[in-house]
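With chain A held as given, fit chain B onto it using these hints.
Protein chains in written order, with UniProt numbering: chain A, 1 to 105; chain B, 1 to 276.
Derived from the structure by calculation, the hints contain no laboratory data. Since the structure is predicted, the reported quantities are computational estimates derived from the model, not experimental observations. Some hints could be false.
What the hints assert, rightly or not - Covered by chain B, according to a simulated footprint, are these stretches of chain A (three or more residues, beta-carbon under 8 Å):
(1) 3–11
(2) 35–48
(3) 81–87
Even for Gly, the Cβ is constructed at its ideal location relative to N, Cα and C.
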Amino acid sequence: MSSATPRINFKYLSEFEGKTIRIVGKVGEKQGNNVILHTTDNGQVIVDRSNNLEKNYQTNNVEVLGVWNNNQLSELTFFNLSDNFDFDTHNQMIDLSMKHKEIFM
Amino acid sequence: MTNNSNENVIVRTITPLTIRQIQLSTESEGNTFKIDNEFVMNVSLVGTVIKVLDGNTYTNYTIDDGTGQLKIREFKRQKQNNMEEEEEQQQQQQQQEEGGEGENKSKAKEIENAFENKYVRIIGNLKEYKNQKSFSVSKITEITDSNQITTHFLEAILVHLQRIKGTLKKEQTSSQNSQIKEEKNEIKKETNNNNNNNNNNNIITQQNTNQILGLALKDKALRLISSNQTSSGISLQELAKELKSTEEEIREIVDFFLDQGQIYITIDDEHFRSTD
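Isolated chain A (complex conformation) (with noise of 0.2 Å):
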């Protein structure tokens, strides 16, 4: 039984609805308990932080880890990423593994 909680850009979420999986984006507007990150391949999740709310991203860019459920990603964790981080590299990476599945999950 795989533990596994792969990483994914937007247009693979519709696969993974009730999973948890990681995300990588840009921080964008806070909406309460929300906040909206930008991801790699251009689209836009909502991510609930009511559970990690005493943490605050401490950078641009950010791994967020939570669970897919009915168009919103509910966070668990996160993780900081440098301001360098090449979007467009990792966007591929991606791509890349969801056709080598068998060493990601």
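Chain B in isolation, oriented as in the chain A frame:
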């Protein structure tokens, strides 16, 4: 250099892996594991620290890299050739895992906090110990340039493909060749994009034209490196000049040989010597 006829296999390269690959590996010879049909000993992982257990002689980390979770241990006093000591430490560790005695909870919490919300790179040793997989850590460091996360997974994909599909060989059919080349070109393009800021659009066309010349070039490169007897070895620039090739092409060739363990770097990562 690997020695397949012996129980004690020695592998000098570091293999970038995902935890999933480690979880799936079952094959081993002696106490060395095989992944994608190749022996692996020294392994690099990139992931996050979920839990820390701190004991008197070791620190236990639970790592998650998005593909799975793995318990790894860092011995505090490294006595490399002392099997007895390691066994004693393993026993102590088992006791501690059961009884919690000698556990330093506050130190563990301190380490957990230090690594919270951060990615780490781990270099370690994968071997079999009492029929179980055991991962002992040589080095665990925080990743400050997050692009290293992307690069690590790209490298893991690349090495995985090279090992299961083989590197470019004359005997392969041309359709196999072009499929593998397409995937490797994609990966190499991403890895190169990630590693430097230059425009690498010409790499794919270069690789296509070098399909036939490629093998001859690799051979020449290895011969040049082997013939250099100076302690600092031959430089990337010299190789490019001698072989009338670009530094980028030479970089690919030396990376291949470094991976194979046929050459090593000397004063910096642009100087090489042969291991023979």
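Under 8 Å between beta-carbons, do enough residues of the region 81–87 of chain A, three at least, approach chain B for the coverage claim to hold?
holds (count 5)
Three residues minimum, CB to CB under 8 Å: does the region 35–48 of chain A make the cut for coverage by chain B? Let me know.
violated (count 0)
Count residues of the region 3–11 of chain A with a Cβ under 8 Å from any Cβ of chain B, then say if the count reaches three.
holds (count 5)
Of the numbered hints given earlier, the model fails hint 2 alone.
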